[in-house]
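Residues per chain are reported as follows:
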Amino acid sequence: MNKIIPWILIGPLVAFTASDTAFAQGGDNMPTSERIPSSLMTFFVTSEPIGDGGNLGGLAGADAHCEALAAAVGAGDKTWRAYLSTQARPGQPAVNARDRIGAGPWQHSKARLQDYLGRRLYRPIIQSQIHGDTLEEAQRGSNLTREFALTEHGELVNGIGDPLPTRHDILTGSQTDGRAFTDAADHTCNNWTSNGEGSAQVGHSDRVGNGNISWNSSHATTGCSQKDLVSWGGVGLFYCFAVD
Amino acid sequence: MKQFFVLTAVLALSGLAPSVALAQHGMPGGTPMTFFVTSEPIGDGGNLGGLAGADAHCQSLAATVGAGNRTWRAYLSTQARPGQPAVNARDRIGTGPWYNFDGVMIARDLAHLHGDTLELARLGNNLTKQSGLTERGQIVPGLNDYQEAVRDGDWEFVKTTPYSNRHEMLTGSQLDGRAYPPGLDYTCDSWTSNRDPAPGQAQGALEAGPNRPNAQIGFPDRNGGGNGSWNSSHGTTGCSQTALVRTHGIGMFYCFAIN
Numbered sequence: 076m077n078k079i080i081p082w083i084l085i086g087p088l089v090a091f092t093a094s095d096t097a098f099a100q101g102g103d104n105m106p107t108s109e110r111i112p113s114s115l116m117t118f119f120v121t122s123e124p125i126g127d128g129g130n131l132g133g134l135a136g137a138d139a140h141c142e143a144l145a146a147a148v149g150a151g152d153k154t155w156r157a158y159l160s161t162q163a164r165p166g167q168p169a170v171n172a173r174d175r176i177g178a179g180p181w182q183h184s185k186a187r188l189q190d191y192l193g194r195r196l197y198r199p200i201i202q203s204q205i206h207g208d209t210l211e212e213a214q215r216g217s218n219l220t221r222e223f224a225l226t227e228h229g230e231l232v233n234g235i236g237d238p239l240p241t242r243h244d245i246l247t248g249s250q251t252d253g254r255a256f257t258d259a260a261d262h263t264c265n266n267w268t269s270n271g272e273g274s275a276q277v278g279h280s281d282r283v284g285n286g287n288i289s290w291n292s293s294h295a296t297t298g299c300s301q302k303d304l305v306s307w308g309g310v311g312l313f314y315c316f317a318v319d
Numbered sequence: 143m144k145q146f147f148v149l150t151a152v153l154a155l156s157g158l159a160p161s162v163a164l165a166q167h168g169m170p171g172g173t174p175m176t177f178f179v180t181s182e183p184i185g186d187g188g189n190l191g192g193l194a195g196a197d198a199h200c201q202s203l204a205a206t207v208g209a210g211n212r213t214w215r216a217y218l219s220t221q222a223r224p225g226q227p228a229v230n231a232r233d234r235i236g237t238g239p240w241y242n243f244d245g246v247m248i249a250r251d252l253a254h255l256h257g258d259t260l261e262l263a264r265l266g267n268n269l270t271k272q273s274g275l276t277e278r279g280q281i282v283p284g285l286n287d288y289q290e291a292v293r294d295g296d297w298e299f300v301k302t303t304p305y306s307n308r309h310e311m312l313t314g315s316q317l318d319g320r321a322y323p324p325g326l327d328y329t330c331d332s333w334t335s336n337r338d339p340a341p342g343q344a345q346g347a348l349e350a351g352p353n354r355p356n357a358q359i360g361f362p363d364r365n366g367g368g369n370g371s372w373n374s375s376h377g378t379t380g381c382s383q384t385a386l387v388r389t390h391g392i393g394m395f396y397c398f399a400i401n
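Protein sequence lines correspond, in order, to chains D and S. Residue numbers are given in my numbering: position 51 of the first sequence equals residue 126, and the series is strictly consecutive. Residue numbers are given in my numbering: position 195 of the second sequence equals residue 337, and the series is strictly consecutive.
Just to be clear, a hint being listed does not mean it is correct.
[As the list claims (entries may be wrong)] Simulated restraints on C-beta separations:
(1) P240/D <-> G185/S: 37 to 45 Å
(2) D174/D <-> G195/S: 48 to 56 Å
(3) P304/S <-> A147/D: 50 to 58 Å
[Stated by the list, open to error] Simulated coverage check for chain S against chain D, where a stretch passes if three residues somewhere in it have a Cβ under 8 Å from a Cβ of chain D:
(4) 251-261
(5) 370-376
No lab work stands behind these hints: they were computed from the structure. Nothing here was measured: the structure is a model prediction, and the numbers come from that model. We put the CB at the ideal spot given by N, CA and C, even for glycine.
Next up, chain D with everything else stripped away, as it sits in the complex:
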């Protein structure tokens, strides 16, 4: 059911439809009943945080959170990974967020079957584009916009200019290329186990803030408690990607 048409067929069709028009119409006002089949969803922002600041129970805890949220909307048949890096420790190599999430491309939660067949999907996000692997890709950017970065329920994440509280700080612990930091400082709330000391690198799901538009590496937080995260305009949300 969830693999009616392989991406290899639909991907190029979507990618080469140049106009934004086709993707806009029918976009935002669709009734909930018409959303998804959620099996088309391969990317979402967690609708809720774990709630203990930067302590996510490590990568395993974060992945489990992705799985649970996906399952709640009928997308639990995929393997979900949190987009988070961890830094190297003695006897423990670094983990790069970009290496955890499969190859993509990824589609968000508003992808509908009828659009899928009619080729009117939002353009998917592509590994090399979201990370800007070449200068041209980095300059052009990706389709990971505020409107694309929806929760598993298909809802927007509050960003700058939206009603408070702002929830656009997304935990990543990553550099702009999607890889772990290599210096000694903490960028991952002690590899996602600290709810006090430390710092987490965050991106902005709405691509606004801190003088840049980075989705995955805009700035650091000044602490790892839930309160610290909130003070910066986040609540501890993170990105989830399906690897299959």
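Given the structure of chain D, go ahead and fit chain S onto it with the hints provided.
Frame of chain D; chain S shown alone:
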């Protein structure tokens, strides 16, 4: 919901405007405006009267809000012609930094604006929907702000509906802010043409092609074309005013002060 937000944002800004708008621009005590998006198009599609006409449009819009003391340039490239070298948009706009109506910095310098290095490009500059304001401090309506599917590409509708989607900015430029090589048209014939492709020629291709009047555009709200490039996202269906409207532009462009 979102259209409501944009309207309130615009109203809030115009509420703020009277105290500052007619004096020097920028927030009270802040930095004067050296960047804006034209609040109005020239209105003849890709025919802007050349670079000179576009610059004059920037200058006159700036003057209406008390910022006419600066020298304003349209962010537009033109391609090389016999006896006429190419003009790169990035070479026309001074060295920055540039600030919007609110005194918010758009970019520190040319390298920051264009993402000249991999790291700069990945981070991006600070041009966003919230910062890409017109000379009057208005947010430029973008995707999903106000769209009536039936009249979405209709100039008569868009003209009289100022909060409808109009987020495509003419640039005629590549990602690095430079002109395209000569050959295919990316600049509506150096901003002098309002023509559309002849019948039978690739209609709606949204990219340059042989004998296709076309302009390269970008998005101040970083949302469209599947990428989000502010200056080089895709082409247009032609150079007439109605052709620009078809893909959610009305022929607006960026203006930068060089002093």
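Each hint, compared with the structure:
no.	hint	verdict
1	P240/D <-> G185/S: 37 to 45 Å	holds, 42 Å
2	D174/D <-> G195/S: 48 to 56 Å	holds, 51 Å
3	P304/S <-> A147/D: 50 to 58 Å	violated, 41 Å
4	251-261	holds (count 5)
5	370-376	holds (count 5)
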